[in-house]
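Number of protein chains: 2
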Amino acid sequence: MTNENKWVYMFSEGSESMRNLLGGKGAGSAEMVELGLPVPPGFTITTEACLEYFRTPGNLPDELAAELTAELGKDTTGDFPRDLADRIQAALAKRQGEFAPSVAAQVQESLAAVEAEKGATFGDAQNPLLVSVRSGARASMPGMMDTVLNLGLNATTLQGVISRSGEDGERFGWDSYRRFVQGYGSIVLGLESEEFENIITANKARLGKKDDPDFSADDWKVMVDEFKALIKDKTGHDFPEEPREQLDGAIRAVFGSWFGQRAVDYRNFHSLGHDWGTAVNVQAMVFGNMGETSGTGVAFSRDSVTGEKVLYGEYLLNAQGEDVVAGVRTPEKIGTLKETMPAIYQQFLEYAEKLELHFREMQDLEFTIEEDTLWMLQTRAGKRSPRAAVKIAIDMVDEGLIDQLTALQRVEPEQVDAHLHPQVDPNTEISPIATGLNASPGAAIGIAIFDADEADRRGRNDEEVILVRPETSPDDFHGMAVAQAILTARGGATSHAAIVARALGLPAVVGSEGIKIDLEARQFTAGGVTVNEGDLITVDGTSGNVMLGETPLIPGEITPELERLLGWADEQRRLMVWANADTPEEAALAREYGAQGIGLCRTEHMFREGDRLPIVQEMILAEGEKARTHSLKELLPMQRSDFYGIFKAMEGLPVIIRLLDPPLHEFLHSVNELRDELHELEAAGDTEGLARAEKMLSRAEDLYEVNPMLGLRGCRLGIMLPDVYRMQVRAIIEAAIQLKQEGVAAMPEIMIPLIGHINELRAVEAELRETANTVQTEKGIDVDFKFGTMIEVPRACLTAGEIAEFAEFFSFGTNDLTQTTYGISRDDAEGKFLLEYVEKGILPDNPFQVLDRNGVGQLMEIAVAKGKRAAATFKKDLEIGICGEHGGDPASVHFCHGIGLDYVSCSPYRVPVARHSAAQAAIEVQVTRDI
Amino acid sequence: MTNENKWVYMFSEGSESMRNLLGGKGAGSAEMVELGLPVPPGFTITTEACLEYFRTPGNLPDELAAELTAELGKDTTGDFPRDLADRIQAALAKRQGEFAPSVAAQVQESLAAVEAEKGATFGDAQNPLLVSVRSGARASMPGMMDTVLNLGLNATTLQGVISRSGEDGERFGWDSYRRFVQGYGSIVLGLESEEFENIITANKARLGKKDDPDFSADDWKVMVDEFKALIKDKTGHDFPEEPREQLDGAIRAVFGSWFGQRAVDYRNFHSLGHDWGTAVNVQAMVFGNMGETSGTGVAFSRDSVTGEKVLYGEYLLNAQGEDVVAGVRTPEKIGTLKETMPAIYQQFLEYAEKLELHFREMQDLEFTIEEDTLWMLQTRAGKRSPRAAVKIAIDMVDEGLIDQLTALQRVEPEQVDAHLHPQVDPNTEISPIATGLNASPGAAIGIAIFDADEADRRGRNDEEVILVRPETSPDDFHGMAVAQAILTARGGATSHAAIVARALGLPAVVGSEGIKIDLEARQFTAGGVTVNEGDLITVDGTSGNVMLGETPLIPGEITPELERLLGWADEQRRLMVWANADTPEEAALAREYGAQGIGLCRTEHMFREGDRLPIVQEMILAEGEKARTHSLKELLPMQRSDFYGIFKAMEGLPVIIRLLDPPLHEFLHSVNELRDELHELEAAGDTEGLARAEKMLSRAEDLYEVNPMLGLRGCRLGIMLPDVYRMQVRAIIEAAIQLKQEGVAAMPEIMIPLIGHINELRAVEAELRETANTVQTEKGIDVDFKFGTMIEVPRACLTAGEIAEFAEFFSFGTNDLTQTTYGISRDDAEGKFLLEYVEKGILPDNPFQVLDRNGVGQLMEIAVAKGKRAAATFKKDLEIGICGEHGGDPASVHFCHGIGLDYVSCSPYRVPVARHSAAQAAIEVQVTRDI
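As given, the protein sequences belong to chains E and L, one line each in that order.
Going by this note's numbering, the first residue of the first sequence is number 1, and it counts up by one from there.
Going by this note's numbering, the first residue of the second sequence is number 1, and it counts up by one from there.
Careful, some of the hints might be misleading.
[Unchecked claim] Reference listing, derived: stretches of chain L covered by chain E, where coverage requires no fewer than 3 residues with Cβ under 8 Å from a Cβ of chain E:
1) 700-711
2) 748-757
3) 827-836
4) 855-866
[What the hints assert, rightly or not] The calculated SDA-like cross-link candidates involving lysine to any residue, where the alpha carbons are at most 25 Å apart (straight line), are:
5) 832/E / 624/L
6) 354/L / 34/L
7) 876/E / 854/L
Rather than coming from a laboratory, the hints here were simulated on the basis of the structure.
Bear in mind the structure is a predicted one, so any value in this text is a computation, not a measurement.
We put the beta carbon where it would ideally sit given N, CA and C, even for glycine.
Bound-form chain E, shown alone:
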């Protein structure tokens, strides 16, 4: 129970259970204090105070505040309007937000407590207290405000710092001061950090200095003045000298960054709550740059790449936190600390173990050593590679730290997925030249190419290319489609490049700000290396790393650890996982990956195979049922052997065969191709070929459709050309009978596509059931089979009650259902406007990848409810599943679990992810129910 009027908590007052109120950083610090670890004194301003800030009258224009309140009042997870975020930022920039008096008072009080504990005073000339200010939301979230260090420095307090910092105090003090002004200027006041760097560069030139450490105290003094002048110029205000004013500015900036564009995008993308708010952590500074007995570092409690149970990280002696990141000096591996400072190492190891045991989770730790004293600055769950995630989860179960359910929840679906993609060999020592956002998993090697046309040209030439762009736009689509991977310098998880890469299943690293692209020179530089067009690079979309040259890759595989984890998943999940497979080989692979049935076997793929196509074309060219008989007779044994193979591979498991679905003209050459052919044949004097081509052209013209997706296909074919479906059913039943004779149990389920009206199903099914019965009578052997229907147009959902009277199963074809529900043709939209919609935030996701719950999902819920009610009335079973691509998408699997489907069916490669997601969905529901 939290106190509604308490806005600020000392670390010693908090706990992990208050994570929502204190944020991750605040809760972690509180726990460390509770465990008796050395933590510099500090306090947390709560997430509630953040929300109160936006509610405080005057901070936002009334209308905007009302709009924000309305938006947060809705269930808007993952759908916060970008324009609203922009208007909030603009309004905040204009006004100096006020804190509620109680907030201001409590900050003051807590500051006094920190002063007391630290024995230093804020703004004091002799012994000044300096603090760091960090944002910290409930979940780690890029785009939120960075850390501000050394806050409290000004002309007065600087003297105290200098006098307390030994021999090199003057330089140390001025360096700290300039870092603070520079950091505060860019982070809090919003100037480009480049502008400060420019000043430093100019001074280097002027003074003939090479590196930052070469500057003297006086040099920095000059630059601090220049920094302040820049700030005055850009913001119109003097740099705040008063420490409390500095602190308030930093707090305001943290609060405001909650609705920053990147943070909003991130929450939209990850479906995080916009009404959470962020906490602010204010903590007394400790210094790792006080000489050789000081230092700073970060470390994981286990190896974040392999998952092994060893400390993993790095540190720098005589350095502040930012130096570790800045890359000016190369940090040491954490293991070497054992030799340099054995006692500190031992102490740190102990703390790491203690924290891991306490949180029962691998920890990411930040520490500073100040003159031989170890200070713990942060603890949080550590990010890890996909393989490490699985290994750590498994190991922790073996170690008795967590149970299997927790292990399943600890691993992200994307981490399971990443196992199935090629990845960088973990046994390789890699040296990335750049890193960026790991936007789409997998690793690939190719030559760097800087424009889409060239990529397209080379790609068609079978060259393996990696498209490198500042950012991508729809005009680049053709180049992306042929690339092995995408690398961009700008953009985030919802940028065009990221969206398209995921849509195409390509590895992508985006927003890799370290690479500087020169399009004219056709090269980029990164990490001091220049990469020219045509040079080989490796892009690892799983980790976000970019390497020069060929980095050894290993193919995707299900590791023994993942195998174990998926075994646990199978015990937890209620949803079955089936696979979409058109051949015995695919079926076998699916079974190996754990598929419990085939949810979609598309017979049209069989029709397209080399030796079949001419026969299929003959069939289409034939006029009337009688003329088709010959071709169908030829196709029958071929289809029978197709089904025989798949049924055999899936022995004992159900196999859903979808009867012929696509428009017939797909099997003929296109009208344009045929026209060209005609000219050629004419020129060559091939009269026989000409006659055939003319016939095909005439038929192709007959069959031409303006909107083939909505034309003569699916069951409409079954009604207009009933003999084709009869042949297919005969082949299915004959194959099942043959297998029964061989002692193999086949479980065919015959699926009639594109049903929109119950009478379509009634007409087609009655006829096909008769065919099935005829075949069984002929052979004197009965086999089990089902008849069912695809639910893939809205009308089928709306009238599912009627359809359930005749269907033994429903299979949601969510690709077509999405197309018809939205009125969007996927073929046309993805290249033209759909991805731009996602990029612009008009759609939260590509609805062909993530099931649109509000629209398509609503129809599915209607269909399930009506279907099940009708099935109950008729006292029959109704098996319901999904066979659209969504079947392998984790969020969609959760939804399918929620609405009570029996199975999801997806590509064989998505089967492991689906098994895991189905388990997570079951556990989530269980947990929710427990609460």
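Starting from the structure of chain E, add chain L where the hints point.
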């Protein structure tokens, strides 16, 4: 309250209030008895007995009976499966159905009562009772069993008839007997009537006779034996001699005919209840063929063509009912009876007036005069021409017979519609050479053409053709599309010809069995006339008549009578009627027809006009917003003047402008055309033209879409090319401001098409509202306008609650909504499979003509409910209407009234029908509520 165990009612026991139980014929006879009119004694076996017959165990196989019970238990109005009807017929043909014992007993009892009243005995050799047996459902229904006359005749009773029939008794008796055997054989036993005619023809040849009356008694005796042999041969059973067996057979046949193919089709088509059943009327025969003091006739109580209040009909002396129809002798006009039999005429006139007054409805009467005694055989509401329907309704109100509400209900929507089509001048004396089913209204003149290819050729040549076919199939579509009218020899109201004609808005007469087509000779004969290909004929789809040559036609018009009726309709209806109009002329016409607003003004039509198209093409070819500016500037004044004209025509009434909707490639030449053009320009050496054509080709290829209906169109254009929408909104607001300055009130409503996700509307509307505000600020004048959206994809319906937050109106675009709900492209489907679906009974109607209530309607109900709920939450008005073609379809208007829309919008020509239908819907709801 009916007695559940009473299956049979004497005429004297019934009444009009028992119409559902006794059927129309039974109830009419009962009322005539009640009114004291001379009716031959008889009784009615109830519709309940009919239903009981199907339920009686053993009459149908158990499974089939269960299936039928289930089907009738559902609300299946208009959707009874044809295959089920077929299986019932097949089962009935195999079995000799049993009557429940109580039914059999009550028939026997009632027969005894008839015998007593008539003083004759069934099967008696001296004074035999003969009866007629007729079906009679609640509503008149073609396809039900015809009348069987003279039932009760056999070798024994024949002697009684002969002895009682005067000098020519022998011939009269045998003629009656052969008519009975012939009629019973074809009607009850299901033989082809042609087979009997063949026997007669053979005997004519053998005996050298010309007409039927030339045969002697002995001749007929021979033929009766031949008839009986034929029946034995075809049915495997002897002709039933026992009168009661004859009667039971006839009753069974009437019952069975309830599920006959034609009856089921008719009920499906007219949405009549399949669970009504039919009654059977058994009535003592009276004879009009007993000499010159006998006769028979039919007459209407008012003129059924003009509606004038005069007796209208015809009669034949010394004839039986079938002679009037058979056309062997030409009947006399009823007026002449006044001279030939003045007393009888006076009596009949009195009865007609009495019945009309009693039923307060124009009556269709059948009578027989038996030896100077008038017998009334039937009374029922009379069929009438559209103009007569309106005139009679109006007159009856003026006469105080009915009120205005009843008058509105008496006129069918089709009758209102027929006023708007060309029709045969009612002042013309017509002599049809054939009649058939009036399948699609209107009259047309053209040359008879016997195949679709020729019709197509001549039609393209601007010849006015009428396609005459035995029946039509999808292969004839191209010929139908260019014809003025369709005439077929076979098929009913749901035949391909009928469906396509209605879809194309062409007059059609179908199933005109009197015409004999000789396709090889390219001619048809009808009514003794031979019509060769190229001869002019007139087809009147309103009446079903076919005339040789040019019959004078009058154009469609709103008669003063119809004007009055529509005035009453306007007082009753709640739904507003708006019109779809793209030009000021159309808008003016719509207003003249009573439109209260424009529900859809399509701006793309304006873009296609001659002088605009090149500018529009320039705009499309321009790359990027800046390059488009020039074209848009040129288009702005043009669009402004378009809107100015329409707003002015609709002064004071709302006008909904739909922003640009179609895919842009519709404005360019097709890729194929452009390729051809390119070749020509190249050959001609026109380099400038070539450059432009190449650019257009390249752009057309860019814009090419696989499924344009689901592609870059509607609001998607507004998002990708925002300047085009901005130009349109500017034109709208500028036009409204200009009119305001001129003192004319414009009420523009700006409609954004194809919204699928609320964010689309949010993005587009925000921008356009800004444009509207800018224009108003510029001009310093504010005008009223609304922003709203078309609801035309399923997702918009499902998320209507979200959309209602931003939209001020919804307009259902049911064309696209039907396409997406069904997953059917209208362009592709109607020519290929959709009409065949309707013909095969897979779909009850063409869903693009009659709104699909179960599917599309369900989505509309969801949208209305969600939209209104949200509007209430936001305390705002939400105007909801429909602007698809369905807006002018009566059944769809009823539905729209029922779900609470504010208006329907349809073609100007459908406005009168919609006004009337809206009134009927309102009255129906009122009546239902009263009950």
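Check your understanding: Counting residues of the stretch 855-866 of chain L that have a beta-carbon nearer than 8 Å to any beta-carbon of chain E, does the count reach 3?
Key -> n = 4 at 8 Å, threshold three: holds.
Check your understanding: Can the stretch 748-757 of chain L be counted as covered by chain E under the rule of three residues or more with Cβ-Cβ separation shorter than 8 Å?
Key -> holds (count 3)
**Study point:** Agreement of residue 832/E and residue 624/L with the hint, judged by alpha carbon distance not exceeding 25 Å
**Key:** Holds. Residue 832/E to residue 624/L sits at ~15 Å (cutoff 25 Å).
Check your understanding: For the stretch 827-836 of chain L, does the count of residues with a C-beta closer than 8 Å to a C-beta of chain E reach 3?
Key -> Three-residue rule met by the stretch 827-836 of chain L, so holds; n is 6.
Exercise for review: Verify the proposed pairing of residue 876/E with residue 854/L, using a straight-line Cα cut of 25 Å.
Suggested key: Cα-Cα ~24 Å, so holds.
Check your understanding: Is the Cα-Cα distance between residue 354/L and residue 34/L 25 Å or less?
Key -> Judged against 25 Å, a Cα distance of about 12 Å means the pair holds.
Check your understanding: Three or more residues of the stretch 700-711 of chain L near chain E by CB distance under 8 Å?
Key -> Coverage by chain E holds for the stretch 700-711 of chain L (7 residues, Cβ < 8 Å).
Of the numbered hints given earlier, the model fails none.
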